[in-house]
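Enquirer: Keeping the supplied structure of chain F fixed, place chain H upon it in accordance with the hints.
Order-wise, the sequence lines are chains F and H. Be aware that the first sequence starts at 8, since it is given in this note's numbering, and climbs by one per residue. Be aware that the second sequence starts at 8, since it is given in this note's numbering, and climbs by one per residue.
Because the hints were derived from the structure by calculation, they are not lab data. Treat the hints with care, as some may be off.
Heads up, the list lumps identical chains together, so a pair's fine if it works in one copy or across two of them.
[Said to hold, decoys possible] As a list, the in silico DMTMM-like pairs of lysine to aspartate or glutamate whose alpha-carbon atoms are at most 25 Å apart: (1) Lys-159 x Asp-286; (2) Lys-187 x Asp-286; (3) Lys-187 x Asp-294; (4) Lys-382 x Asp-150; (5) Lys-187 x Glu-110; (6) Lys-187 x Asp-150; (7) Lys-187 x Asp-152; (8) Lys-187 x Asp-40.
There are 2 protein chains.
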Amino acid sequence: MPEQSTPASPLDVPEGDPFGPHNLPYGVFSTADAPERRRVGVRIGGHVLDAGAAALALGSPYAQLLAQPSLNPLLAAGRTAWRDVRRALTAWLTSPAHREDIEPLLHPLGAVTLHLPYEVADYVDFYASEHHATNVGRIFRPDGDALTPNWKHLPIGYHGRSGTVVVSGTDVVRPSGQRKAPTDPAPVFGPSVKLDIEAEVGFVVGTPSELGRPVALADFRDHVFGLSLLNDWSARDIQAWEYVPLGPFLGKSFTTSVSAWVTPLEALEAARVAPPVRDLPLLPYLDDADDEDPGGFDLRISVAINGQVVAEPPFAGMYWTAAQQLAHMTVNGASLRTGDLYGSGTVSGPETGQRGSLLELTWNGRDPIELAEGKRTFLEDGDEVTLTAWAPGPDGTRVGLGEVTGRIVAAG
Amino acid sequence: MPEQSTPASPLDVPEGDPFGPHNLPYGVFSTADAPERRRVGVRIGGHVLDAGAAALALGSPYAQLLAQPSLNPLLAAGRTAWRDVRRALTAWLTSPAHREDIEPLLHPLGAVTLHLPYEVADYVDFYASEHHATNVGRIFRPDGDALTPNWKHLPIGYHGRSGTVVVSGTDVVRPSGQRKAPTDPAPVFGPSVKLDIEAEVGFVVGTPSELGRPVALADFRDHVFGLSLLNDWSARDIQAWEYVPLGPFLGKSFTTSVSAWVTPLEALEAARVAPPVRDLPLLPYLDDADDEDPGGFDLRISVAINGQVVAEPPFAGMYWTAAQQLAHMTVNGASLRTGDLYGSGTVSGPETGQRGSLLELTWNGRDPIELAEGKRTFLEDGDEVTLTAWAPGPDGTRVGLGEVTGRIVAAG
Numbered sequence: 008m009p010e011q012s013t014p015a016s017p018l019d020v021p022e023g024d025p026f027g028p029h030n031l032p033y034g035v036f037s038t039a040d041a042p043e044r045r046r047v048g049v050r051i052g053g054h055v056l057d058a059g060a061a062a063l064a065l066g067s068p069y070a071q072l073l074a075q076p077s078l079n080p081l082l083a084a085g086r087t088a089w090r091d092v093r094r095a096l097t098a099w100l101t102s103p104a105h106r107e108d109i110e111p112l113l114h115p116l117g118a119v120t121l122h123l124p125y126e127v128a129d130y131v132d133f134y135a136s137e138h139h140a141t142n143v144g145r146i147f148r149p150d151g152d153a154l155t156p157n158w159k160h161l162p163i164g165y166h167g168r169s170g171t172v173v174v175s176g177t178d179v180v181r182p183s184g185q186r187k188a189p190t191d192p193a194p195v196f197g198p199s200v201k202l203d204i205e206a207e208v209g210f211v212v213g214t215p216s217e218l219g220r221p222v223a224l225a226d227f228r229d230h231v232f233g234l235s236l237l238n239d240w241s242a243r244d245i246q247a248w249e250y251v252p253l254g255p256f257l258g259k260s261f262t263t264s265v266s267a268w269v270t271p272l273e274a275l276e277a278a279r280v281a282p283p284v285r286d287l288p289l290l291p292y293l294d295d296a297d298d299e300d301p302g303g304f305d306l307r308i309s310v311a312i313n314g315q316v317v318a319e320p321p322f323a324g325m326y327w328t329a330a331q332q333l334a335h336m337t338v339n340g341a342s343l344r345t346g347d348l349y350g351s352g353t354v355s356g357p358e359t360g361q362r363g364s365l366l367e368l369t370w371n372g373r374d375p376i377e378l379a380e381g382k383r384t385f386l387e388d389g390d391e392v393t394l395t396a397w398a399p400g401p402d403g404t405r406v407g408l409g410e411v412t413g414r415i416v417a418a419g
Numbered sequence: 008m009p010e011q012s013t014p015a016s017p018l019d020v021p022e023g024d025p026f027g028p029h030n031l032p033y034g035v036f037s038t039a040d041a042p043e044r045r046r047v048g049v050r051i052g053g054h055v056l057d058a059g060a061a062a063l064a065l066g067s068p069y070a071q072l073l074a075q076p077s078l079n080p081l082l083a084a085g086r087t088a089w090r091d092v093r094r095a096l097t098a099w100l101t102s103p104a105h106r107e108d109i110e111p112l113l114h115p116l117g118a119v120t121l122h123l124p125y126e127v128a129d130y131v132d133f134y135a136s137e138h139h140a141t142n143v144g145r146i147f148r149p150d151g152d153a154l155t156p157n158w159k160h161l162p163i164g165y166h167g168r169s170g171t172v173v174v175s176g177t178d179v180v181r182p183s184g185q186r187k188a189p190t191d192p193a194p195v196f197g198p199s200v201k202l203d204i205e206a207e208v209g210f211v212v213g214t215p216s217e218l219g220r221p222v223a224l225a226d227f228r229d230h231v232f233g234l235s236l237l238n239d240w241s242a243r244d245i246q247a248w249e250y251v252p253l254g255p256f257l258g259k260s261f262t263t264s265v266s267a268w269v270t271p272l273e274a275l276e277a278a279r280v281a282p283p284v285r286d287l288p289l290l291p292y293l294d295d296a297d298d299e300d301p302g303g304f305d306l307r308i309s310v311a312i313n314g315q316v317v318a319e320p321p322f323a324g325m326y327w328t329a330a331q332q333l334a335h336m337t338v339n340g341a342s343l344r345t346g347d348l349y350g351s352g353t354v355s356g357p358e359t360g361q362r363g364s365l366l367e368l369t370w371n372g373r374d375p376i377e378l379a380e381g382k383r384t385f386l387e388d389g390d391e392v393t394l395t396a397w398a399p400g401p402d403g404t405r406v407g408l409g410e411v412t413g414r415i416v417a418a419g
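The shape of chain F in the complex, shown without the other chains (with noise of 0.2 Å):
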């Protein structure tokens, strides 16, 4: 028999991968051959790693975290345990040792179904973008001031629909509802003719707290596990017919998109940055001056539609960062439950490039933007539209987010 080449292993990722061993995202997967049998894996190059298995196949004590159908038994443990296993992954990963019994172990990327990687809670979704506020602000309300007078002064944010948060590559049914334009003398009934993108980064909890215990600023990372790519569909013209005064409701709750994968804070240590100067003295709860950790994270996020990329929005400009949106969500005594999911708010930066929704690209349809396909002001059917990001890792490295795809499908 002729002699064969050995192939490349699976661990050799390429320098510069931005899901090299840095990295480590986590996300829940099955295989066709036991499509019922979800399992816990962590995303190494272009492969998956059945977390469970090697756990088992190490004797590792993370096991009973990890060979679970979902993520929160781990990320109820703690940020001891979060730390412990991945170090115990990486070590798995890199070490020679352990290469025999990891590689087959690993299934390709492209042979495994990924599912919802936790089961959400309670979904809020915040609205911390200045650019992102002013610029609704202005299409929405062109008399008055395009902030709200209390915008400044807490992180604005509502609860959105928990059972409806999908994950990534799920399609996207253009939901019907009530419309109703300043001149028309009653609304009307149909498929939304406004259906937008909002990328935003949702932050998962994993620590629970207690019910009237605020969680301070300095603990966020005693509660916060990881964060991924999230799209905040939105039917516009829906919305605007329905959110005063309780603020969105249908225009918003059909579908949100999250990433397959859970990148851990730990892997966003090269990424911190300082939010940007406040206007305004902030109320001691949410004053972040002097705090040891800036708070911000310096991720760039990239969004395309059929392909094609139409915004780059950069998280760093954010005026409101994670811990103060943690901090201002419990400040009333409202308690934690692992699973919890907060989004960003629309990231926008101040360019036009940067704004991350048709709403605001558009200037609500008004400036259609220009695709191979022909002009949009807002989403067809058919489109897809995908999510990305990476941040900057140790050495120089990237940090890639997992992607959020959705594929908008004709009303039913």
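Expert: Quick look at chain H alone, frame taken from chain F:
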């Protein structure tokens, strides 16, 4: 030994008892000798039947649904199962043939601990009383129209925090937060000084629905299992400062109290009433004018502070029905999960003594009410609020709803 008189059986419920065998609400309880063992219970008079134990003792096929620590399996089983289980329970609790088996499985109400009876999935709160919405509009927007232009076209609602829904009897910690009077130069932080009641009815979803598939008005009873009283505690000062533009958040999310007892819709057949005549034509998905099921429920609510009744809001006058709320909530394709809970919104009638919040009863503090302990504008620490209600039952009986109580505890 002297002859003992036979004690009355707990099954001999006095005539006129609103928790007689025509009612049979479901809850979850534990006993002092096994505090960790939560069990489905059915209330009969002043006792609780261990429903799972009864099903097992009688060899019932419903043991699988009832021998559980939560109502969720029963909720998920669907309408046919709900009917069959109710029939079985009625037989067990009324037939002399079962008396000997059943009596030992009854626990006096005072000897059990009641728990949150189901795992709350998503929590939505509506705003469906025209009297309440008009009063609130007049108080908060004195220079504008009391009702927003959308109010009579759609049941306005928003998502709340499901993780802070608690069972009746749980203390309510006064929330702290930001507030700002129009004349204040900047917001201040501290315990709410306008802590309020919202007397509502909560509807509990049993049968889930599929993402992308609206639930029609006529399918309400296929999805909603039952209802209970609900107190959506509200911090009016926090709410007033935060709620523009994205709706209530921390002013509501600290605690929502629900009754320990869920009354099945089947117990409320005699309480069906037609909703008020609507002023404006409704879009087809909300139009119930020709529906066989009128959609309303004649529930007479009573609001007491420290035992003194301060209001008697009539549920029959709600402008929007629970069926319309369900149809609206799903018309955009949002799916339902077992355990979804939605509140009617504060129940207020046209009369002063029928208002379901202190905001309305005291006109935002302008007209204090008199209690034995002194005047009240909003709730003080130590105040205990109790909601009770009854509905017309078969043959002139009354169907009691389980009470909702909560005591205000000083901010931590």
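Enquirer: Please sort Lys-187 with Glu-110 into within, between, both or neither, judging by C-alpha distance up to 25 Å.
Expert: Result: close neither inside a copy nor across copies, 58 Å intra and 60 Å inter.
Enquirer: At most 25 Å between C-alpha atoms: does Lys-187 with Asp-286 qualify within a copy, between copies, both, or neither?
Expert: Between. Shortest inter-copy distance 18 Å satisfies the 25 Å Cα cut-off; intra-copy 37 Å does not.
Enquirer: I want to check one pair: Lys-187 and Asp-152. Are their C-alpha atoms no more than 25 Å apart within a copy, between two copies, both, or neither?
Expert: Answer is both; intra-copy 23 Å and inter-copy 18 Å each pass.
Enquirer: Between the shortest in-copy and the shortest cross-copy C-alpha distance, which are at most 25 Å for Lys-159 and Asp-286: within, between, both, or neither?
Expert: Answer is within; shortest intra-copy Cα gap is 8 Å, inter-copy 41 Å.
Enquirer: Using 25 Å as the alpha carbon limit, work out where Lys-187 and Asp-150 are close: within a copy, between copies, both or neither.
Expert: both (20 Å within a copy, 23 Å between copies)
Enquirer: Can you tell me if Lys-382 and Asp-150 fall within 25 Å by alpha carbon in one copy, between copies, both or neither?
Expert: neither (29 Å within a copy, 43 Å between copies)
Enquirer: With identical chains, the pair Lys-187 and Asp-40 could be close in the same copy or across copies; at 25 Å between alpha carbons, which is it: within, between, both, or neither?
Expert: For Lys-187 and Asp-40, the Cα distance exceeds 25 Å both inside one copy (50 Å) and across copies (60 Å).
Enquirer: With identical chains, the pair Lys-187 and Asp-294 could be close in the same copy or across copies; at 25 Å between alpha carbons, which is it: within, between, both, or neither?
Expert: between (41 Å within a copy, 18 Å between copies)
Hints 4, 5 and 8 from the earlier list are contradicted by this structure; the remaining hints agree with it.
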